[in-house]
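What follows is each chain in one-letter form.
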Amino acid sequence: MLLCDFHIHTKYSDGSLDLRKVIDLFGQAGFDVIAITDHVVNGDSLIGKLAYRFKVTVTEKIFKEYIENIKYEAERAWSKYEMLVIPGVEISKNYLSSEKSAHILIIDIKNFISACDSYESIFLEAKRQNALIVACHPHHMKGEIHNTLYLWKHREKYGKYIDAWEIANRDDVFSMVSLKKYPYIANSDFHKPRHLYSWKTLLNCEKNIDSIKKCIRNNKGVAITLFRG
Amino acid sequence: MILWFILSLVLLSLIVYVMQIVALRKKLNEKYTPAHTFPPISIIKPLKGLDDNLFDNLESFCKQDYPEYEIIISLQDYNDLAYKVAEKIRSKYPHLVKIVVDDSYKALNPKVKNMYSAYRISKYEYFLISDSNVYVESDYLKRTVSAMTPETGLVTNLIMGVGGKSFGAKLENLHLNSFILLSVCFLDKFLKIPCSIGKSMLMRKSDFEAIGGFGVIKDVLAEDYMIGELIHKMGKKVILCNYIIKNVNEYWSLKRFLNRHTRWAKIRWKIAGIKYFTEPLNNPIFLSSLLTIFDGFSRTSIFIFLLIVLIKTVFDLHISRIIKASTKFSGILIPIKDLIAILIWFIPLVSSKINWRGNIYKISRNTTIIPIEKNTIKLIYSKLKTVFIN
Chain B
1 MLLCDFHIHT KYSDGSLDLR KVIDLFGQAG FDVIAITDHV VNGDSLIGKL AYRFKVTVTE
61 KIFKEYIENI KYEAERAWSK YEMLVIPGVE ISKNYLSSEK SAHILIIDIK NFISACDSYE
121 SIFLEAKRQN ALIVACHPHH MKGEIHNTLY LWKHREKYGK YIDAWEIANR DDVFSMVSLK
181 KYPYIANSDF HKPRHLYSWK TLLNCEKNID SIKKCIRNNK GVAITLFRG
Chain R
1001 MILWFILSLV LLSLIVYVMQ IVALRKKLNE KYTPAHTFPP ISIIKPLKGL DDNLFDNLES
1061 FCKQDYPEYE IIISLQDYND LAYKVAEKIR SKYPHLVKIV VDDSYKALNP KVKNMYSAYR
1121 ISKYEYFLIS DSNVYVESDY LKRTVSAMTP ETGLVTNLIM GVGGKSFGAK LENLHLNSFI
1181 LLSVCFLDKF LKIPCSIGKS MLMRKSDFEA IGGFGVIKDV LAEDYMIGEL IHKMGKKVIL
1241 CNYIIKNVNE YWSLKRFLNR HTRWAKIRWK IAGIKYFTEP LNNPIFLSSL LTIFDGFSRT
1301 SIFIFLLIVL IKTVFDLHIS RIIKASTKFS GILIPIKDLI AILIWFIPLV SSKINWRGNI
1361 YKISRNTTII PIEKNTIKLI YSKLKTVFIN
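Line order of the protein sequences matches chains B and R.
Number 202 in the working numbering belongs to position 202 of the first sequence; there are no gaps in the numbering.
Number 1049 in the working numbering belongs to position 49 of the second sequence; there are no gaps in the numbering.
I should point out that these hints are in silico values taken from the structure, not numbers from a laboratory.
Mixed in with the good hints, there may be bad ones.
In silico DMTMM-like pairs for lysine to aspartate or glutamate, Cα to Cα no more than 25 Å straight-line [what the hints assert, rightly or not]:
no.	chain 1	residue 1	chain 2	residue 2
1	R	Lys1098	B	Glu82
2	R	Lys1084	B	Glu206
3	B	Lys80	R	Asp1131
4	R	Lys1048	B	Glu206
5	B	Lys80	R	Glu1125
6	R	Lys1255	B	Asp171
Isolated chain R (complex conformation) (with noise of 0.2 Å):
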């Protein structure tokens, strides 16, 4: 009954799976129309840290085939090590770049503290939030303000990973090649659920101030779908343009997948609710692996799985051709890839703390941040082994 019970989890998994493809498929296949105006915009950078590939992609923002524009990068330190590429690209565009150091803004939300002040100095009515691992082609400005009608709040873009070169990199890519470009394309098309992307939203300040701005947002770790949430319910479009950016991994440690994709899981689990026990359905090779262990490693149990393993690795290296992504010969970690992802998934069923940059919080409903108390009894041992130790 079990095993009859899987294998149809198994076959509603592979139908899942085509319908994500038949989406992406649609999304991509959706008319780009030229817009007539083109309003000048603030593009925000807030960085922190080295990033792969800044400086290029940096650079790529500041060669934008778009008539007026300009690029404001937000630090919240001197010392931190992106401030110089920063200097460098401000000193090779002078006209277009400007700098912003501060870190005065109380926000428990890191990016958003970045983000204050580069805003707060912007000059122009449209705004972009851009993260600094983004690489973009020189239309990006372009294609993107054309989905930008009166009735669109906000506009979001599809991202692809490019450039791995060690394990973790690889892995990040193919995650999010695969299980990340798919969902959202299937979000979009054919559930109708507004998605944002942090990793580029163009907006107009009204509309933001309009939602709340920055009081609704300093402190919770999602701003992105919070903004994109709020916008909707605010009766205005939010826009996925098929538009597709580049999201540079090129030297990523194991570690730093597995603490990324914790802490996107943790956030969907806090988002979805109930809803995130389907997400499953989106891996058949987990599911596939099931029915052979439940069937005590039958050869049928085997040949299903090892056939939804090349189903799966073939449909996934199609997705990389159709979003022209190279992935060589990384395509053989898709089945370890999915296998981790199921493990990865796990997580926040048991854990709310959540890794970011340095900073450790934990999270609640709508990823609400909660600074995490000092535990009093540590707090007590460490006063009392100075007091005696030294």
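So that you can see chain B by itself, here it is in the shape it has in the complex (with noise of 0.2 Å):
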């Protein structure tokens, strides 16, 4: 099983690590795919502006800079730990509603995705691409007074879109993404080294990019383990 975890941030947004330190962090913890998804943030609110404000997003400028580094990364992980190493961004709607807000991956992004968009055009863009979407944290979170409960609200209407929800994120188990029997995976939402332990995903697959997504897609061969140190 490959012990996997797609959603991870590093300075390119808020993650507290730059991109080098992270990939080091799970290299040396053993891992054998991990997914970069820094935040794109939209720039229509306010707290979007204040992310624009404060740099904590990727923006269209920096993408390009963005994606190669993550690529050059990818090399030296993959040559040093043997740890495939994905592109890929977090589209963060931020709204004061958290009806209205929603976090949605983007894995195997290849051309910057605007956050400002409309749902249709982001997720429609995002399979042109063939990315993988995965709905993040999509339930009430424990201790979090900002959820992003806008795609749960409208799945009936967006869930064809998504190829995977997060049934964990860090510290919180979401059993409706289970009850509703919704392919799922387990992800850290990485910011800080302590977030190291925290929910994962497993995957019986091959260690490369299209077995993994075909694996999320199709939604078998897929496990989460609670890692601790």
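With the hints as a guide, bring the two chains together.
Given below as structure tokens:
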């Protein structure tokens, strides 16, 4: 089984470690597959504007450099740790209301996708790029004032676009994903070193991007595990 | 009267501190005579859990410029997170690395328990016990073996802390690079007390078995001290090699720093006995803080305290430069670290309980481990609770 984490932030957005350090931390810990998914925040809301002001978002301007650096580190990770690193982003539609907010992982992204676009156009563009679409922390999280509930509230409408739902995020488990029998994965939503110890995904497939995407989409050979130090 | 007494202690502690720095310089200036022959060596690496930088630490042992050696990684559980990292290292260096997973040996010291199977399958007469949180350069084995003469029974190395990213790790590295490093050099150079540091211990199997082998160390917490002590008593030299190995501590929490140094302080208390009370002389910042308290925070005493803080900080940073440890801005934590260290110093006087990697013990003289018996009253209470509540 491949030990995987598909939701990781670096200093490109609001993570505390730079990309190289993140790669080494996960490589040292024996991971097989990780995805770097820094925030791409919508600039059309107050929260979004603050994110741009404090540079905690990947912008269209730096997107190329972001992807190139991930690819460079991916080569190093493969040669040193045999760890597969996949470029991604977390499209973060942040509003004051939790009901309106949603975060979406786009894994294996090739071109920039704006978080200000409509949900349909984000999903269609991600599909066009053959990227994996994952709904992040889709339900209430313990201790969080601000949740991201939009996609769950509108699951009938948008469920068809979503390849997998986060059934667990860091320490939270969303049992409703299991009850609905939706395809699932579990991630750390890594921001700080201590987040290494959290829920993870185990995949029973070959260690290459196509097999991993196929495995998650088909949701066979997928398990979750609580990774502890 | 008491003020003069404390002031004289402060001055004495500064003299001790200067002597420790001299001891370090003397140690580092010891001449290195390259060995003519390089015997094959078995390196034993007991692992438990994910240490910071584990992959690179293990790999640094696979890149030794040394003619013949093997690395045996030992674990007690296939589900240990370190197993996967060990597997990756073995797949990268299959000709060098073996993994053994076994917890059948009965020992109260978890490290000794972990090492036993690796020792049994090791091929060579010379073996080296090396901790998982140690990083070395490629000349480490050659330099360490060079100190192993026919009359030598044990070679250990100086350690320095590197890589501090979190608050706890920064404190840890500052403490290793001042108090621990200086104390070890002082004991070795001036007091001629054999120091054995468990992070790196090279010896012959014949010597190890002559002192009683695993049987004598399985139930003591400070197995490194015990090995050094017994080899010394056997009439062989215990050499502290001046080649500095790196103890990588990157993301330690404050709790972990406190836990480790409380454990080490308890070990020193059980080994040193009454001599343990001389330890605060290693801490001029603490002694000068006493002066300010007893002098009612007068201007003079505060001035002396600040002067001592400045002197200690500057010289600790100087030591970091000598050993090429990167401290950057963490130097400002030196006074805080020294004041925390003295709080830790008091704990062994009131408690002999030890928490090491999740195992809780009591230790007695010479760090003999005593398993903690379950409290009978608590046991009866929990049974009654189960009966009445469920």
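Tested hints:
1. Straight-line distance between C-alpha atoms of lysine 1098 of chain R and glutamate 82 of chain B comes to about 19 Å, which keeps the hinted pair within the 25 Å bound.
2. Between lysine 1084 of chain R and glutamate 206 of chain B the CA atoms are separated by roughly 17 Å; this keeps the pair inside 25 Å, and the hint holds.
3. Proposed proximity of lysine 80 of chain B and aspartate 1131 of chain R is supported: the alpha carbons are some 22 Å apart, at most 25 Å.
4. Among the hinted pairs, lysine 1048 of chain R with glutamate 206 of chain B is inconsistent with the structure: their alpha-carbon atoms are about 28 Å apart, more than 25 Å.
5. For the hint linking lysine 80 of chain B to glutamate 1125 of chain R, the alpha-carbon distance of about 32 Å lies beyond 25 Å, and the restraint is violated.
6. Only pairs whose Cα atoms come within 25 Å are accepted, and lysine 1255 of chain R paired with aspartate 171 of chain B is accepted, the gap being roughly 21 Å.
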